[in-house]
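Let the hints inform the model, and build the full structure from the sequences given.
2 protein chains.
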Amino acid sequence: MAAQRKTVEEVVKILGVTPRTLHYYEEMGLIPACERTAGGHRLYDEETMEKLAHILRLKEYLGYSLHEIRTVIDAEDELERLRVTYHSSVDDKERRLALTAFSQEVEKILATIDDKMERLATMRTTFAERLGRAQDLLAGKKV
Amino acid sequence: MAAQRKTVEEVVKILGVTPRTLHYYEEMGLIPACERTAGGHRLYDEETMEKLAHILRLKEYLGYSLHEIRTVIDAEDELERLRVTYHSSVDDKERRLALTAFSQEVEKILATIDDKMERLATMRTTFAERLGRAQDLLAGKKV
DNA sequence: ATATCATTTTACGTAAGCGTAAGGTATAGA
DNA sequence: TCTATACCTTACGCTTACGTAAAATGATAT
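Going line by line, the protein sequences match chains R and Y.
Going letter by letter, the first sequence gives residues 1 to 143 in the numbering used here.
Going letter by letter, the second sequence gives residues 1001 to 1143 in the numbering used here.
Hint data in this document are derived by calculation from the structure and do not stem from the laboratory.
For each residue, glycine too, the CB sits at the ideal point set by N, CA and C.
There is no bait here: all hints are sound.
Covered by chain R, per the in silico footprint, the following chain Y stretches (three or more residues, Cβ under 8 Å):
no., segment
1, 1112-1120
2, 1124-1136
List of simulated lysine-lysine pairs, PhoX-like, C-alpha gap at most 25 Å:
no., chain 1, residue 1, chain 2, residue 2
3, Y, 1059, Y, 1108
4, Y, 1108, Y, 1051
5, Y, 1013, Y, 1051
6, R, 13, R, 59
7, R, 6, R, 51
8, R, 59, Y, 1059
9, R, 59, Y, 1108
10, R, 108, Y, 1059
11, Y, 1108, Y, 1093
What follows is the structure in structure tokens.
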């Protein structure tokens, strides 16, 4: 059961991006250079697909720039790198540093999310009220 | 008690934008050409301040482009225009059209907000879990 | 009155995030 | 094998949303 690799065509269909975007993210180092066919066509594995989805969420829902996203990804990658390497006491200091950096990044993200959710809730209330009034008027109610 | 007019300096301090942004929004027709001093310096009234805050919210928290924001504002302005004009039965058809257009815009916005809030909630959970695990590791817990 | 700082218009510049065209190669289906 | 797409790299182009510089004028404090 070899992991399913996806062609560019499949990826763009699933994620709603263009090939150019995939190339660009690869150029920027946001995703690793992926596997290729004998002829040089790209094949995306599941891990990269998840990274892409992760990037697109950070971009779309948190409004992060690709630069900010790289900062996040770097912290995540560093943590992962240390997770899979040999766990010696020598690594330990480095590991705590990575964990701390990662935690700080995630805390920033959580703060951003909380702030956004709060603002969105306020806006929702405001717009819902305005919609209600407009619909009352449409229904012919005296207001 | 004449309404307080604000200078550019005050506006940029309050809203956290630059003078260029104010000029640009005026150029784009997002805000009306405001009052001037005898010498031509701009003075912003409260109504425009609120419009600006409105624009910045749509931009920052919904990620709307200035073009999309204009669509929203146009619907709002059209509604307001009809609200303050003479309410004849001749206006009535036009008025219902404006109300419908406005309602549709607001419904779109509400859908956007609900979608965003849902996605943010999901992301929050994911990141909170990851933060928890990182902090457990930092605390020396076996995981 | 004068120095200082804020603001004006005009207009070219810029960064991010891709779009797009060109010219050539791969892959898949009949 | 042939044909129709899909994909490759390279590289210049483009849009949005302002930034920034210049040269002149207005506002304000002393």
